[in-house]
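Asker: Below, each chain spelled out in residue letters.
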Amino acid sequence: MSKINPSAKSADNDAGNAVNNDNNNAQDARSGAGAPMTLDAVRAQLQGVKGKKFWRSLDELADSPEFRAEVEREFPSAAQEWLDPVSRRGFLRLMGASMALAGLAGCTKQPDETIYPYVKAPEDLILGKPMYFATAHPFPTGGVPLLMKSDEFRPIKVDGNPEHPYNRGGSDPYSQGTLLDLYDPDRSKKVTYRGEDREWMDFAQALREKVQESKDGTGIYFLSATITSPTLARQWQAVQAAYPKAKLVQYDPAIAGTYAEKGINTRYALSAADVIVSLDADFLSSASYPGFHGLVRDYANRRKDPAAGMNRLYAVESMTTTTGMKAEHRLKLRASEIPAFAAELAKAVGVAGVQPPAYAWTSEQQAFLAALAKDLKANAGKSAVLPGMYQDASVAELAQAINAALGNVGKTVFVSQETVNPLPSDQIADLKALVADLNAGKVDWLVILNANPIYTTPADLNFASAFNKANIVAHLGSHMDETGQIAHWHVPAAHYLESWSDVRAYDGTVSIVQPMIDPLYGGHTAHHVLQMLLNDPLVSPYDAVRATWQQVLAKNNKGDFELGWRKSLHDGWVEGTAFDTAAKANVPAEFHGSVPAPASQETLEIIYRPDPSIYDGRWSNVGWLQELPKPILNLSWDNAAIVSGYTLTKLGLKEDDIVELNVGGKRVQAPVVVAPGHPDNSVTVYLGYGREFAGRVGSGAGFNAYLIRTVNAPFYTAGSLRKLDGKWGVAITKSHYQDHRGARFGQQGSGDNSLEADEALGPRGIIRYATLEEFKVNPNFAHEGEGRETPESDTSLFPNWQYNEAAWGMSIDMNSCVGCNACIVSCYAENNIAVVGKQQVRIGRDMQWIRIDTYFEGDLAAPRAHFQPMNCQQCENAPCEQVCPVGATVHSSEGLNVMVYNRCIGTRYCSNNCPYKVRRFNFLLFSDYETESLKLMRNPDVTVRTRGVMEKCSYCVQRISAAKITADKENRPVRDGEIITACQQACPAEAIVFGDLNDKTSRAAKLRANQRTYQVIADVNTRPRTTYMAEVLNLNPELEATPAEHMPAKG
Amino acid sequence: MPQIFDRSSNALARMSLVLSGILVIALGVTLDQLQRSPWVTRQGQRADQPVPFSHKHHVQGLGLQCQYCHTTVEKSSYAGIPPTRTCMNCHAQIWTNAALLAPVRNSWATGQSIPWIKVHDLPDFVYFNHSIHVNKGIGCSTCHGRVDEMPLMYAQNTLQMEWCLDCHRNPAKNLRPTSQIYNMAWEKPSQDKPVWCSAVPGESGVPTADSVSCVTKDPATNAAAAAALAPPVLLMKAALTSGGAQGADPSYTKFTSQDALGHFLLAHYKIKTPQQITSCDTCHR
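Protein chains in written order, with our numbering: chain G, 1 to 1051; chain Y, 10001 to 10285.
BS3-like cross-link-like pairs, simulated, lysine-lysine; straight-line CA separation at most 25 Å:
1. G:442 / G:432
2. G:190 / G:210
3. G:969 / Y:10173
4. Y:10075 / G:969
5. Y:10118 / G:120
6. Y:10075 / G:120
7. Y:10118 / G:109
8. Y:10270 / G:969
9. G:650 / G:723
10. Y:10188 / G:969
11. G:723 / G:654
12. G:129 / Y:10075
Keep in mind that the hints were calculated from the coordinates and are not lab data. A quick note: this is a predicted structure, and the numbers were derived from the prediction, not measured.
Kindly produce the complete structure, drawing on both the sequences and the hints.
Answerer: The following block contains the structure:
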């Protein structure tokens, strides 16, 4: 709390006392410890608590005995125990042998290694130096322009193209994860026909003959994933012209039915928006929202310097997302209430013709609506309203009308005539028609292109039974998935990093997708398949893509097509293809459609969303993404029935209980998990799990939500829920990594509380924020108040280090971070981090070097959340270094806490002593040394760690070394910005800045000198090199004044 | 009951105590020596290569420059093993039927690599960079020995960490002018063989190799030779500053010991301090 706000401060102290008292009471009442935590206890904890009070999980909030026991154990149970039963005798025998060998361990003789030089070396290759190539990740919500790092022509790192006008180097977890998808050892490797091996030409010939036989294409059907490639669209149009009766159906489970299927042509320039309103638009969570990269960057840019004018985000949402948690003001509504709310908002801002359905809004909702409408009108022309993808069609239209009414169109909102995806279609209607034709026996050949309809189609379509009525089904896919298993023909698909194609980014810019590597398993693409039906069947995708852009590129370059082609390959985009922002589309500020009325309060709504990690299931077998803790929930390896705390209590459930979800008689079993702030009486389920034939990683994880999806209500529907016996065993990483020395060092809290978590018990200043008004009065708020002192640098027994050259440091802007997880996946790829599997995650052995700590604040039902990326803080006075008995973690001359893996003997003292809990131990042999394809993927500059070795974030020391060597050879210091860490590179919000703190002109040094910058747990005198910039919230004073108590009445 | 051991066994007991102590020490010493022995380090061992390639013949005999084959030594961490094509540049013309070269021709015909055995094999957790060493005045022969006198390639040094650190703690004792990097016969300066060096004053941003020029003949008496050995950039600068007049003496300093030369180069090549280059993250990641 800042000095300027004494009342808040005392309130906070009161809160602390209240909590402590409650603890005592609660513990008296539950003297028999061990009783599972109930929500009542949580509620009791929160009763009367006001002010800033942070918590990370329900257990922590309740400060339950179980939580305390966990804290005392430091890691989740069993994380540090020897699991295999070993007898005392056996143990002694083993130990005796290892003692005898201990001295000899260093004497192992290296085996002979062979060098295989090239026969003819490629001309421009310098072995040991990576090369970079521009390409793009074709994604149905718009391509993601990429710059690939390639070592010896093996792509080893995916990153955003830093020069591309759309994403400016930002990327997302999906794009990052596609690297492991390329090297997935479970990709299909052979063309098969009824299970027997065939060649590609056998398939091509069979298909070509069949189509020619049909004369006009009758009975030939193509079912494709959403077509993103203009060239593929052109090829399809040629096929259509030659065979007019052939049919193309596009279907993507996360696109069908959304406004995106009609073609994305609305763009939002959030850099010019002072007020942003999300109508269930989860634009800060993942690339599943069109334009994610650009939206995040523009949103974050307006929050980097609060003094220069901040934006204000309002979120109205039907589940807890990072967008809602980042919002200044959030209103949770059930999914079916959102169209009606949008209509009310449209009416309030003056959209003509809109007739909101009658509904009894609560006073809080009315207050929110009034304040929101007032703020929007005050910021007409400087605001933007974003509609959710997974909402009724009326929401997108209403948002458009609101934007038109406010005069935003042409200023913050741009509507183009062209669309990002070249062949917009009504995917659901087409799919239904296809099923009807299948059932009517009209389908002779069904060719499935990169889709998995057996798994992804809504269950009530009975696609599998219709499927069998086709004469021949051919499946082009990267995996032998659910569809590939039962298709007659299966053809391995080439990955986008293996093939030529093209794609448009969200802003319309065309990127050429160029291959980074020859197809590992001889895969083919949809380009090959469609071209096979034309008169010139052997035109390669390369030639086809060149033909598509021949004219545009020749025109752009004064007739020199080759120059233009090379330039667009080099730059990563085709000049002059972005949508025109100058042309102002005529968007009427009126709405005459119908708005569905909200379902009754007592209806249990089931909401379907693509998964933030594995999307619609296409990346099920990508271990990085499976293990990624989902934002808000920190759930890995599973999806869940996500409910609010109130709904949990009402249904008599506890977290991790197995429930049965029932939608129209279709049933599926799921674990139940609470998301703070989730609307009551609704259940969110993520799609993409419960796969049968995903591969060794993804098969069997989670439950299949497609089984309860219906074709007519793909986003939310009414259902029911029933408790079953037993526990599911979800892996939630939330309460990992507690520490228990708060009392000893900080003299705060109740004595054995966790450091990381005891924001809940007393001010530790881990999360610091102020409102914009507070910030304006006192810009130094982050350094004033209890728990925010930083000791003098000579307060230590150890002499201070001298840093004569560089002193590396990192600044993380909490105001920009949206908790999207891109940094974590990027770190996986850069640092060869191992995937450990669900059971190991459950016992706290996940290996991610950076995690996103989510601190919830306040009310369980309507919390605010703060996202704090936590990696090694590279302390100058590092507790880990002081306890290592073998000097395996030591201080570098530039202030890094370096790990020397070959010295580490695995005592784990360093991890015990780390207050930030950022060290990761290889309890088992987690790294895969065997699988050939994964060897190609590894970063050659980073050691692959073996069992028994501690590891942690190194600030990407391999990149620091490379930059230092380059600079040193040129006799100059390392330039600011020359070293970019992997997390920084991936961050779409540019929240992470790395640099030399000794160079006072560097960005990192300037940010460190910023008044908002603070150190986490600085009071224990670790002197961390990673610093955080405190949040500033631009609250609407009208809404700020009315904090509501959301706890439902007991019982 | 008679005693089992008579008094003489006391001496035995004492001796065995001493002996076991000695044994333990001996074991320790043995292991220590074993670890440093060529049996473990392969120092000096000639591997059984598919082609008995002679560096002596190619370097000393034919005068091939190191970089003709090891092309990336100045640019990359990896010096580079030549592709078969490099061999065939000549051996398509000469010794075209030599039995010894059958594996090379075979590789060229089939497109399969020649499987060389690695002679200098660092552990996988060590990240060595050739380019920074040759750019900062560590010559090939400093680590690899007189390769030009090796009919069959072997490792001159142990490549163990103590050997690396020996130099990283005091790089001055091995530095030489970058113009002499590929000179196999380079000798440290002495009273008999002094070295004269001159430095480009206070320039930053020029490559290290261009910041100093050195000669082994007295520039005062042999200006032409000095010019011949100086890097081209310097020549151009000298030409510009002296109005084209060759042999203008840019204040050369005479060095008669490696220590003096090493410290001169240490300063001008901006070699990092021992504290910095012995930091663990220099080689381990």
